[in-house]
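S.K.: Sequence:
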Amino acid sequence: MNAFQKIAVGIDFSHSAQAALDVARTRFPGAQLRLIHVVDARAGTVPDLTTGGVAPVMQSAEVLTALSQGDQRQLDTLARDGEEEEVLMGEPAQTLVQAAQQWGADLIVVGTHPQGALAHFFMGSVAEQVLRQSGIPVLIVPQR
1 MNAFQKIAVG
11 IDFSHSAQAA
21 LDVARTRFPG
31 AQLRLIHVVD
41 ARAGTVPDLT
51 TGGVAPVMQS
61 AEVLTALSQG
71 DQRQLDTLAR
81 DGEEEEVLMG
91 EPAQTLVQAA
101 QQWGADLIVV
111 GTHPQGALAH
121 FFMGSVAEQV
131 LRQSGIPVLI
141 VPQR
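Per UniProt numbering, numbering through the sequence shown is continuous, rising by one, with the last residue being 144.
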């Protein structure tokens, strides 16, 4: 029997997210999986070099809704029978961790992929942020 019974898998439709999903399915057979995709509500942001933060670029609610609907259709193609799906809007790491906690997950699985030093400096990696914010064990799967 697996120590982990309820596993939240972060999905961003990248190759690394697919690797994370594959690992969750193969290493934890019989576990209940929930595929969670977060539409980044900050997707309309750019680095603000004056403050070291991000500056908003306005994005309408209609655009975010259309994005989430398209992402739900994409998520439907990834999920297998018995796997739950959830599409949320928010800051990806924080929203994923909160959703996993609310669901009662005992493990979060996320993929990681290489990013440039400048992007990492300003935004950090979502996987790293999940690891820092989560009170739940996190398995980080490198891109293949």
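Just so you know, not all the hints are guaranteed correct.
As the list claims (entries may be wrong) - Simulated DEER-style distance windows between Cβ atoms:
(1) 81 - 128: 17 to 25 Å
(2) 81 - 132: 28 to 36 Å
(3) 15 - 76: 17 to 25 Å
(4) 85 - 15: 25 to 33 Å
(5) 84 - 26: 28 to 36 Å
(6) 27 - 101: 15 to 23 Å
None of these hints come from the bench; they were simulated from the model. Note that the Cβ used here is the ideal one computed from N, Cα and C, for glycine as well.
S.K.: Could you run down the list of hints and mark each one as holding or not?
M.R.: Here is what the structure says about each hint:
| no. | hint | result |
| --- | --- | --- |
| 1 | 81 - 128: 17 to 25 Å | violated (33 Å) |
| 2 | 81 - 132: 28 to 36 Å | holds (34 Å) |
| 3 | 15 - 76: 17 to 25 Å | holds (19 Å) |
| 4 | 85 - 15: 25 to 33 Å | violated (19 Å) |
| 5 | 84 - 26: 28 to 36 Å | violated (18 Å) |
| 6 | 27 - 101: 15 to 23 Å | holds (22 Å) |
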